[in-house]
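*Asks:* Protein chains in written order, with the numbering used here: chain H, 1 to 284; chain S, 1 to 275.
Read the hints as simulated data drawn from the structure, not as lab findings. Heads up, some of the hints might be wrong.
With a straight-line Cα cutoff of 35 Å, these simulated DSBU-like cross-link-like pairs (lysine-lysine) come out [unchecked claim]: (1) S:K70 with H:K92; (2) H:K272 with H:K92; (3) S:K134 with S:K70; (4) S:K50 with S:K134; (5) S:K50 with S:K103; (6) S:K103 with S:K134; (7) H:K126 with S:K50; (8) S:K70 with H:K272; (9) S:K50 with S:K70.
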Amino acid sequence: MQRLERRLGSLYALPMIGLLAISFLAPLLIVAVFSIMPERAFSLWNVPDFSAYLVLFQQGYWQSLLWSLGMALAATAILFVLCWPLAYGMAKVFRRFTLVLTLGVVLSLFVSENIRLFGWVLTLMKGGMLEGYLRHWTGSGFESPLYDVPIIIFGLIYVYLPFMLFPLAQGIAMIPDDLSQAAHDLGAGRSRIFREIELPLAAPGIVVGSLLTFVLAAGAIAESRLLGGQAVIVIADDVETAFTYNQNWPLGSALAVMLVMIIGAIAFYGVKRVDLDAIMGRRG
Amino acid sequence: MQTHPLARVGLLIHGVAILIFLYLPLVAVGFASVSGSRYLTFPLRNYDMKWYDQALASDAVHNLFWVSLKVASIVTLISVIFGFFGALAFARYRWRFRLSFQKLILFPVFFPQTVSGLALLMWFNAVGIVPDWKTAIVAHLVWVSPIATLIIAIRAYSFDPALEEAARDLGCGNWQILSRIALPLLMPGIISAGLFAFLLSWGNFPLSLFTTGADSTLPEWLYARMVSGYSPLVPAVGILTVLGSALLLVTALLIFYSLRLLRSRRFAVQVVSDP
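Here chain H stands alone, though its shape is the one from the complex:
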C-alpha cells in the first residue's frame, strides 16, 4: 500500500509539476539569466557583465523598493488589526452571518481589481460620489484624498483584505474553545487570553495571512497607478517601465530578481514554520 501511495502521489503530481516547470520556473530562469546580460540586450547570446545590477544600485531604485515594502508593511499591520475581530467573529461567534460574510467577501474577489479600484476613484474624487453628495446636502465639500501615499495604502488594504481575513479565521478556528474557557475560569482577563492563548495558537493562520498580504502588496501595481496617480513609484512599476518604455530588459530583469529574492526570502522563512496540512484541514 505504501509503495502504491508513493507511486500514485508522484504520478498525479506530474501534470502540475510539468505545467509549472514550463510556464513558471523556466520563465523565471530566463529572467535570472537576462539580468546579467549587458544593457539593452534582447537575446541571451551575449557575454554576461552584470552591469544591470550596478545601474540598479547607482540610480536609486532602492527608493521604490523601500516604498513598496513600507506600504506593504503598513497595509499588513492595519489589515491584521482590522481583520482580527472579524475573523474571530467568523470562527467563534457568528453562525449564519459567517456564511454571509464569507460569500460577500469571496464574491467581491470575482470582480476585476481594476473595476473596484476605479470605483474608489469615482467615489473619492472631487465631485465624486462622497464629495458630490456631501456638497449637495451640506454645501461644503472636502479635498479629494486621491493621488497621495495614504490612499495607496488604503487601496492595498481594500484589495488584499480577503487574503488576511480567511487565513486568520482559519487560524482562530484552530483554537480549542475549552482552552480559552479554562483560562477564563482561572481568572485570565480578555487581553491575557488574547496574548497567551489565542495569539500563539492562531499563529499559523496569522503567519499565512500576513505573508500573503505582505507579499502580494509588495508586488502590487494597480493601486499606485489608479488611486495614487503615481505619487510614488513602486517597484513593480519600475520593473514594467524598464521592460516596456525603456526597452531595457536586463535592467527590468535585475529589478525583478531583486524583488523576487526579497519576497522569496520572506515567504520561504514564513512558510517553513507552517504546517500546511494542519491549516488546510487534515484530520488526525
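Start from chain H and add chain S according to the hints.
*Replies:* Only chain S this time, still in chain H's reference frame:
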C-alpha cells in the same frame, strides 16, 4: 466562553461595515454607468441607459467579450483537470516529495503577477512564440491552476483512505478508484475550483497585460480606457462584466442544487423500492 451580547453586536456592525466597504466602489461604478452626461459629477443630474446600448452594440466589445470567454473557459477546463490530480498528490497520497510539491504549488500564488507575466513574455520571446490570446491561457494557468489545486485539496484532505483500500481489496484498479471514488468525493471541491478558475481568469488583468499580444481581454481594455480616454462606456462595460460573472455564478449554483436535489430523490426512491 460566552461572548458578551454587546461585543456580539459590535462584531456584527464591524462585519456589515466591511461588506459595505467592499461593495461601495461598485455602487459608484453603477451610478457612473447610467450617467446621462459625458462629464461625470455627482450628484447625477440625468440618467440614461444609452451607454449600455452602445456597449452591447459595439463590435469591439463583442470581440473583447469573446476573447475573455475563450481564455477563461479553457483555463477553467485545464485547471480543474490538473488540479484534480494535483490535489490528490497534495493532500491524499504520502509520497517522497509531497512537502516540496506543496511549496511549489504555493509559490506562484504568492508571486507578484506582474513579474510572472513579464517573465512569460521573455520566455515566449526566447522560444520564438508570438503572444496572442492562447499565450494568455498559459499565463493565467500559472496562477489559476495552483489555486484550483488548493481548493480541491481542502476537500481531498477529508478523503478517507479506508474507502480506497476497501475498493482495492474488492479488486478495483486505479482508474476505477479515480472515477468511482475520488471523482464523486471531490466533486464539490471541483465545482468550486471550476467557478474560482473561471472568475479569476475572467477578471485577471496583470497576467493578461503582457501576454495577450495584439488581442485584448475585457479587464485590459477597461484599464486602458480608465487611464486615458474615459467615457461612461467604461463603467457600463465594467458593470456588464460583473453581471456576466454574477450570471455564471447563479447558473452554477442552480445546477449544483438541482443536481443535489435530484440525487437525493433518486436515492430516496432506491431506498423505498428496495425490499
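*Asks:* State for each hint whether it applies.
*Replies:* Going down the list of hints, with the structure as the test:
Among the hinted pairs, K70 of chain S with K92 of chain H is inconsistent with the structure: their alpha-carbon atoms are about 42 Å apart, more than 35 Å. Proximity of K272 of chain H to K92 of chain H is assessed by CA-CA distance (about 28 Å); at most 35 Å being required, the pair is judged to hold. Taken as a hint, the K134 of chain S and K70 of chain S pair is honoured in the structure, with Cα atoms around 9 Å apart against an allowance of 35 Å. Simply put, K50 of chain S and K134 of chain S have alpha-carbon atoms about 34 Å apart, close enough for the 35 Å limit, and the pair holds.
A C-alpha spacing of about 50 Å is found between K50 of chain S and K103 of chain S, which places the hinted pair above 35 Å, so the restraint is violated. A threshold of 35 Å between alpha carbons decides the hint, and for K103 of chain S with K134 of chain S the separation of about 27 Å falls inside it, so the pair holds. Among the hinted pairs, K126 of chain H with K50 of chain S is consistent with the structure: their alpha-carbon atoms are about 25 Å apart, no more than 35 Å. This hinted pair does not check out: K70 of chain S and K272 of chain H have alpha carbons roughly 38 Å apart, beyond 35 Å.
Distance restraint check for K50 of chain S and K70 of chain S: the Cα-Cα separation of roughly 28 Å lies within the 35 Å cut-off, and the hinted pair is therefore satisfied.
Comparing the model with each numbered hint stated earlier shows that hints 1, 5 and 8 do not hold.
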